[in-house]
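Chains as they are written, first to last, in numbering that gives the first Met the number 0: chain U, 0 to 387; chain B, 0 to 387; chain S, 0 to 387; chain X, 0 to 387.
Hints listed in this document are in silico derivations from the structure and should not be mistaken for laboratory results.
Honestly, I wouldn't trust all of these hints.
All copies of an identical chain are treated as equivalent in the list; a pair is satisfied when it fits inside any one copy or across any two copies.
Simulated pairs of lysine to aspartate or glutamate, DMTMM-like, Cα-Cα distance not exceeding 25 angstroms [stated by the list, open to error]:
id	residue 1	residue 2
1	Lys-180	Glu-270
2	Lys-180	Asp-27
3	Lys-344	Asp-54
4	Lys-344	Glu-46
5	Lys-215	Asp-377
6	Lys-215	Asp-60
7	Lys-344	Asp-60
8	Lys-180	Asp-60
9	Lys-215	Asp-376
10	Lys-344	Asp-75
11	Lys-88	Glu-126
12	Lys-344	Asp-115
13	Lys-344	Asp-27
14	Lys-180	Glu-63
15	Lys-180	Asp-348
16	Lys-88	Asp-54
Number of protein chains: 4
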Amino acid sequence: MRTIRLGMIGGGPGAFIGGVHRMAAALDGQMQLVCGAFAGSPERSQEMGAALRLDPQRVYDNYEQMLQAEAALSEDQRMDVVAIVTPNKTHYAMASAALHAGFHVICDKPATFTLDEAVALRSQVAESDRIFALTHNYTGYPMVKEARHLVRSGALGRIRKLVVEYPQGWLAEALEDSGVKQAGWRTDPSQAGISCCMGDIGSHAENLAEYITGLKIEALCADLHTFVQGRPLDDDGNVLLRLSGGARGILYASQVSVGEENGLRIRVYGETGGLEWVQLDPNTLIRHHIGQPSQTLRAGANHAYLSTPALHHLRLPAGHPEGFIEAFANIYRNVARVIQARLEKRSPDPLDLDFPSIEDGVRGMAFIDCVVRSSQDDQHKWTPFHVP
Amino acid sequence: MRTIRLGMIGGGPGAFIGGVHRMAAALDGQMQLVCGAFAGSPERSQEMGAALRLDPQRVYDNYEQMLQAEAALSEDQRMDVVAIVTPNKTHYAMASAALHAGFHVICDKPATFTLDEAVALRSQVAESDRIFALTHNYTGYPMVKEARHLVRSGALGRIRKLVVEYPQGWLAEALEDSGVKQAGWRTDPSQAGISCCMGDIGSHAENLAEYITGLKIEALCADLHTFVQGRPLDDDGNVLLRLSGGARGILYASQVSVGEENGLRIRVYGETGGLEWVQLDPNTLIRHHIGQPSQTLRAGANHAYLSTPALHHLRLPAGHPEGFIEAFANIYRNVARVIQARLEKRSPDPLDLDFPSIEDGVRGMAFIDCVVRSSQDDQHKWTPFHVP
Amino acid sequence: MRTIRLGMIGGGPGAFIGGVHRMAAALDGQMQLVCGAFAGSPERSQEMGAALRLDPQRVYDNYEQMLQAEAALSEDQRMDVVAIVTPNKTHYAMASAALHAGFHVICDKPATFTLDEAVALRSQVAESDRIFALTHNYTGYPMVKEARHLVRSGALGRIRKLVVEYPQGWLAEALEDSGVKQAGWRTDPSQAGISCCMGDIGSHAENLAEYITGLKIEALCADLHTFVQGRPLDDDGNVLLRLSGGARGILYASQVSVGEENGLRIRVYGETGGLEWVQLDPNTLIRHHIGQPSQTLRAGANHAYLSTPALHHLRLPAGHPEGFIEAFANIYRNVARVIQARLEKRSPDPLDLDFPSIEDGVRGMAFIDCVVRSSQDDQHKWTPFHVP
Amino acid sequence: MRTIRLGMIGGGPGAFIGGVHRMAAALDGQMQLVCGAFAGSPERSQEMGAALRLDPQRVYDNYEQMLQAEAALSEDQRMDVVAIVTPNKTHYAMASAALHAGFHVICDKPATFTLDEAVALRSQVAESDRIFALTHNYTGYPMVKEARHLVRSGALGRIRKLVVEYPQGWLAEALEDSGVKQAGWRTDPSQAGISCCMGDIGSHAENLAEYITGLKIEALCADLHTFVQGRPLDDDGNVLLRLSGGARGILYASQVSVGEENGLRIRVYGETGGLEWVQLDPNTLIRHHIGQPSQTLRAGANHAYLSTPALHHLRLPAGHPEGFIEAFANIYRNVARVIQARLEKRSPDPLDLDFPSIEDGVRGMAFIDCVVRSSQDDQHKWTPFHVP
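If we strip away everything but chain U, and leave its shape as in the complex, we get (with noise of 0.2 angstroms):
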């Protein structure tokens, strides 16, 4: 058993989420950073490098050269998998070269600039035999893995309903004009996309939804809007689903609720029985059943009422809370595993193949692009959601 080898595209100095991806991987000692092409210039790429205390040679100008001089290294020295967390806009071409040079993938969502490029991608996935991770990371939660059990398992019957909604207030003002960096290129189309708002988090709320539900969205009906003036992309948006099975649901995303962080909520209902889980409280997941005092069901290594699947993305005992990083890190440490079981030719345990693919990519694409769609129809109540 050796460590599995990280590089990085993107995550330079002022960035956000290449620090969550890095200290994702070193959490649980499986993986080691060990190269990185992490910024625009040589000069930032190298300052980035040297604060990660990386060797000089291993941090690259810029991903082509990193991919290129990396995989010319011997096996015992090439990196692995590399991580891409970039702004959307260069995903594909940057995972695109990666599988294409024998590399595993772990990438940022949304998984590319546009739909055809998500679709593109999983071709390529598929052709690959590489890993491709998308970091849906709020799946990684094992509370969330929990509510997945008990609908799978039928503790709530047929599903009748869901709520899920994901309010932010970071964007009330229009941070993009005072320079910080994490507003600029999310409100920017050429960077983003076609959406801010339900790109950006939206994408999150539909594969939580998803993931725990098992439904599939069928038709939607969505009203995005932008508050901020001058603002090119929507910065709100709220939408009616309709679901496989004859579900129902809302689903809304916000960046301009002021003082809301990140407020990442569902509930779902059912014909027995009803969850609820909580972002900001992700060691809980409360369930209701028909004519009993509804349940706390908490996080804890030493629960044994806990699901298999719960249980396995758990490090802690009861009361020891494990956040967003841990989360984050769940999905970086069965990558590492099931890199690991390949390494050692043996089958990867069914649990550890639990983290977002290119097909969660895809949809999510396919769900901004019909929010999009519907949104700027307003004659057509319905928007059928095909998933290409």
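With the hints as your guide, set chains B, S and X onto chain U.
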């Protein structure tokens, strides 16, 4: 100053809301129940009257008899105001007759069975010079008054978005088939009208949202549904809102959300602030302001930081929970005080005029009418919300 | 069946608890306030009587006059029961005279000014065959009844530990110097007795703990303190408890805990389970069982999982918050029903006998006496808790 | 700048806290585990080393061997700092030897087995010029830093009262009889010392209270108890505190409170303000100010209203929960940075010096000693708290 005399139509054995009205009327000692026509049969009406310790002579067989007999009593005897607490079907005829007979009216919501009736009733109220109060009781909570005050005083800036929800779970099963009276009439079109869920609780959500924000719904897009087989009316509904001033919103109501009790909740976001109020924790109001820690405003007659409207509707110092009945009683108390002012031929305290009126009733009926039409129309996305 | 007639001693202009008693008596329509001696001066007593719409002939100058005059009225006129809502100093003489004059008594807590008085009053109650109810109102909450039921039914196993706390913050400043009436008498030894904080609210905590658990305090170790300079009585106190059956506990009360409102809260732990109840969220009871998810029991007349005692004291279905007044009114309603049963010469419903008695009053006075003695003794660790 | 090299004593298969230390060390990429003596047997130590992907040559049979071998390595190879994560019994000898061999030390709490050892270790640390950090990890939470800052900046006025509690439920049954390793050594006097509950978690409560308030315990009155039959050490304890500046307090800890997970919670009240922090919701700090609504301060690297110490210890923007490991990692990160500064021969950032030291260790041992003595003394109420 004398006690205001109350009569009641409906609220016989087994009813729920009649008892609430009686407790609300009694709480502050300003009204006294003196007569009633409580049930469909004279025997059950007398049975109820006896339980309420009324003079059997003033327990009537039906409302027509009551109105006639009470009108014939001397001024120092006869009832001042009549509470109508029957199923929706009957409200209009009763309210109309009561006004005609010269009595003030307190009517349970929704105001009438049809929108046309509500419009007609509005004219009759206008012509009558009688008070007509509608028990949209949730606006009676002091912290709802505080929320309205904050919005009106500009504390949130221009309003951008609201989310109002009202999930319940009690009709997740077909209780109407088990002889539960409350379920029976609400799911019966001949008694409840064109909607169950939206008529019963969706209209509360609409009223609360417009009361707090002062915004008016301009168009909506609704998706109502019936989940329990064989039920002829909706038991769940999701609605997108477009409101005056460019605000957007979501309103949803459900009676099949297993585990939810009476989860009326509203969140409002403006350019600089936000607020959240939850009926299950009614003495708390969360206030957000951009860039600052959120504040928890708490009900309490001793809290000098609260606004005059909130303080006017509080009875107890902080930490002594006031609940559903107290909020309901705020309508009764205000009506009693306004009647008192009339008896004393003086202007009422403007703060006492803060109770729902027939105008709220017309809006509520127009809302029910609009969501049902919108839901039935799978072609047009937006249905304009016109209030006659 | 007739309305039970209530008289009141105290509760004049500016008082707090008198108004609570009146609302509690009125809520269920079983009692009617018919007379009172509301204040120290005849003028202010009449002023209050007029505000309450009483017959001026039955508004008295003082309690002696009231008892004499009411006793002289015919049986179908005179009051049945008198509520004593004055400062502690006066309770004994008033209660004693009322019993002597043949009236039932509802007395605010603590029962008397001194322990000796409480013991003497107990004898008089026993000899009188009159009802004496003490308004330790917090035990009137339905979920407190549920908690008691759970403990009694063995759901927690043998009790090991309890933590009961009652923090308030309103006396963090010397409000008694600003003319606040509530603060004035409570901090004045000549009116309140030997303790402020422990007498006013610590005794509620003691009563709640013993009511729920059925355990008896056997010894205690107290540390009372006065934080506000110049105040002659305690405004904060911490107590270690040793209880029957080997249980241990903590009880604390404070009036200087800035930001706390009326934070009565109890946690009880047994060998196999635990529970938690918080007065600020009184309709919720958390139940723990070893190895299982915690349950959230909720007040609701429609919740079949609740016990008979809890359901007996509920008025509304789940999700319609019942608050402080409703809990207080449960004492009044039970007393009214027991008096009604006497009038009808039948045995009362045993569930109606569930209200605090003079025995609770004696225990409460013994508790106050014991904590004050313990606190003054810096030598001996444990002070035995003897109830005369 | 190079990676700081970490060795570990203890933390073999089945241990809990060793894994936490490793994740904490890895999270920020500033330390790397390079060697270890993980278990009592060489085989199990190697087994752990292999799982951790360590060079087998640097997996040692015991700590003496490790210290000797590492000291003999060249400066660019040998470990910088050793983490001691064994049961209490062994801490002193290991820490002493590590310091003597010239290594920095990170030691799990409590510092030692006896108070005398802690005092002796303090001298050795002072003489050694090495860093000694104690993992009282709860003070690593950013919102605890914020709480401390608020108190120090006078936001609460002079402190009057504190309540600190630490209930757990996991030892409500005799897990030590079922072979649970964690339960076994903690309840064994030959490994844990004179106290189980107070030593294991009560000392965390003491440390947290003194850290936040800056007050010192001056005397205490303790009542420890063992509820589970046959257990030789306390599993529950209640303590009254008298603190410097005239403050009073309550501290309690329990391992038999069924349903409680790891409920460390502190409330502090001063003349003008208060605050509350709860470990299970660690990213929230409630702040009270007299006469104003309470504020909810939230962790978030983007929250400009937070203090410098809080921001210094945050990794993520608001709404991305940081948990137990992140708080733990703040100790490791600070130690790494201080070692880095030494390597670079510059003064450390004063903010990095904020980690628990041997002085905290001595105070903690003195606390355990004092509560045990107090509890055994049923005669004297107050036991002075002297720190040697």
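Hint check against the structure, violated hint numbers in rising order: Result: hints 6, 7, 12, 15 and 16 break, sorted rising.
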